[in-house]
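Number of protein chains: 2
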Amino acid sequence: MDVFTAISGRRSCRKFHPEAVSDAEIEKILEAGNWAPSPANQQPWEFIVITNTGIKERIFSESEVCKKKLFERSGWKWLEKFPLDFVKDAPVIIVVAGDPKKSGADMFLDEGAGRGYLEGCSAAVQNMMLAAHALGLGSLWFSLYEAGVVRQILSMDAGKEPVALLCIGKPVSTGATKRKDFREKTTYLR
Amino acid sequence: MDVFTAISGRRSCRKFHPEAVSDAEIEKILEAGNWAPSPANQQPWEFIVITNTGIKERIFSESEVCKKKLFERSGWKWLEKFPLDFVKDAPVIIVVAGDPKKSGADMFLDEGAGRGYLEGCSAAVQNMMLAAHALGLGSLWFSLYEAGVVRQILSMDAGKEPVALLCIGKPVSTGATKRKDFREKTTYLR
Numbered sequence: 001m002d003v004f005t006a007i008s009g010r011r012s013c014r015k016f017h018p019e020a021v022s023d024a025e026i027e028k029i030l031e032a033g034n035w036a037p038s039p040a041n042q043q044p045w046e047f048i049v050i051t052n053t054g055i056k057e058r059i060f061s062e063s064e065v066c067k068k069k070l071f072e073r074s075g076w077k078w079l080e081k082f083p084l085d086f087v088k089d090a091p092v093i094i095v096v097a098g099d100p101k102k103s104g105a106d107m108f109l110d111e112g113a114g115r116g117y118l119e120g121c122s123a124a125v126q127n128m129m130l131a132a133h134a135l136g137l138g139s140l141w142f143s144l145y146e147a148g149v150v151r152q153i154l155s156m157d158a159g160k161e162p163v164a165l166l167c168i169g170k171p172v173s174t175g176a177t178k179r180k181d182f183r184e185k186t187t188y189l190r
Numbered sequence: 191m192d193v194f195t196a197i198s199g200r201r202s203c204r205k206f207h208p209e210a211v212s213d214a215e216i217e218k219i220l221e222a223g224n225w226a227p228s229p230a231n232q233q234p235w236e237f238i239v240i241t242n243t244g245i246k247e248r249i250f251s252e253s254e255v256c257k258k259k260l261f262e263r264s265g266w267k268w269l270e271k272f273p274l275d276f277v278k279d280a281p282v283i284i285v286v287a288g289d290p291k292k293s294g295a296d297m298f299l300d301e302g303a304g305r306g307y308l309e310g311c312s313a314a315v316q317n318m319m320l321a322a323h324a325l326g327l328g329s330l331w332f333s334l335y336e337a338g339v340v341r342q343i344l345s346m347d348a349g350k351e352p353v354a355l356l357c358i359g360k361p362v363s364t365g366a367t368k369r370k371d372f373r374e375k376t377t378y379l380r
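Line by line, the protein sequences are chains C and Z. The first sequence: position 30 = 30 (the working numbering), numbered continuously. The second sequence: position 39 = 229 (the working numbering), numbered continuously.
To be clear, the hints were calculated from the coordinates, so they are not data collected in a lab. This one's a predicted model, so the numbers in the text were calculated from it and none came from an experiment. Heads up, a few of these hints could be off.
[Stated by the list, open to error] Derived DSSO-like pairs (lysine-lysine); straight-line CA-CA distance at most 30 Å: (1) C/K102 with Z/K292; (2) Z/K291 with C/K15; (3) Z/K292 with C/K185; (4) Z/K205 with C/K102; (5) C/K101 with Z/K218; (6) C/K178 with C/K81; (7) C/K69 with Z/K370.
Next up, chain C with everything else stripped away, as it sits in the complex (with noise of 0.2 Å):
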């Protein structure tokens, strides 16, 4: 798939087919999750990739009592009613793993600092998504977890952060949100 189909091609997608993803299509993706810049190229990801029906449950059942917590938080209505099954039910789910240490010289800056590693594990999310999408799979960049729960139920190291729970799977529907106009957005110095 032409690169540029890919990326304004891809929606998020939150209801998945039940059917296995293929090892080889695991692979590609990691693979090219693995490609994206870091800084330094310090490579500051590590991928877990969950199949395993009751971690999903686990993780599932968890996302629900943080979702009931932001709701409570934020009063935001859309969360309360947001259904959040795709975690359970996405074939796949793949933890993108980030270590701190691994942030390159911007550890050292007065602000913003040691933020490096979650910027190159968010680059790898997005070649993973764009991955998925030419290999006709669907996925879901999710986040409303707590990342000390997460670490429990996998039993991570405590000095590694789940960046990100990529869910995926055949797509049953995907979104079809849209993108304000880049021009109304854009600023130039010339």
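Given the coordinates of chain C, assemble chain Z onto it according to the supplied hints.
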């Protein structure tokens, strides 16, 4: 260009031809960035396109100051010798400016709250780098600067964050960095 070819073939570029990047190319790159996913589709990015020589030179000279400071703080020898000429030599720098208020529900988390805008902006940068590569252009995700200094040079709103300075131009040469095998960084929970 095929999306997998773009993802695996893109490398950071630190040496640019002086030849201008066309407006049409810049627009293709901005459009690619603008299609990134973001929390609650809040599209937390704006773009500042800098082709003005004086402004690029101010950013360059402030980056040299920043680099010196980071070297003193880190003691990392490579930093001292790292040439930053690409900042003034790149025909165009696109600043991806983020709005921290547009982080979605993650603002209400206990841990890592309010960084959704950074993740969305990083996904936008990655789209832009892939688009540049597909157009035969090189790019560099530059981040060795103090946000406050860049804000001042560009008269940016205090509430906006210069997440990345993306240097773009026709490449004289590009990096050849490799990646660790993703298999060594992957755990399967089946």
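The hints, checked one at a time:
Distance restraint check for C/K102 and Z/K292: the Cα-Cα separation of roughly 26 Å lies within the 30 Å cut-off, and the hinted pair is therefore satisfied. Straight-line distance between C-alpha atoms of Z/K291 and C/K15 comes to about 28 Å, which keeps the hinted pair within the 30 Å bound. Proximity of Z/K292 to C/K185 is assessed by CA-CA distance (about 14 Å); at most 30 Å being required, the pair is judged to hold. Only pairs whose Cα atoms come within 30 Å are accepted, and Z/K205 paired with C/K102 is accepted, the gap being roughly 25 Å.
The suggested pairing of C/K101 with Z/K218 is violated, with an alpha-carbon distance near 35 Å, which exceeds 30 Å. With a CA separation close to 21 Å, the supplied pair C/K178 and C/K81 stays within the 30 Å bound. Only pairs whose Cα atoms come within 30 Å are accepted, and C/K69 paired with Z/K370 is rejected, the gap being roughly 39 Å.
In summary, the numbered hints that this structure violates are 5, 7.
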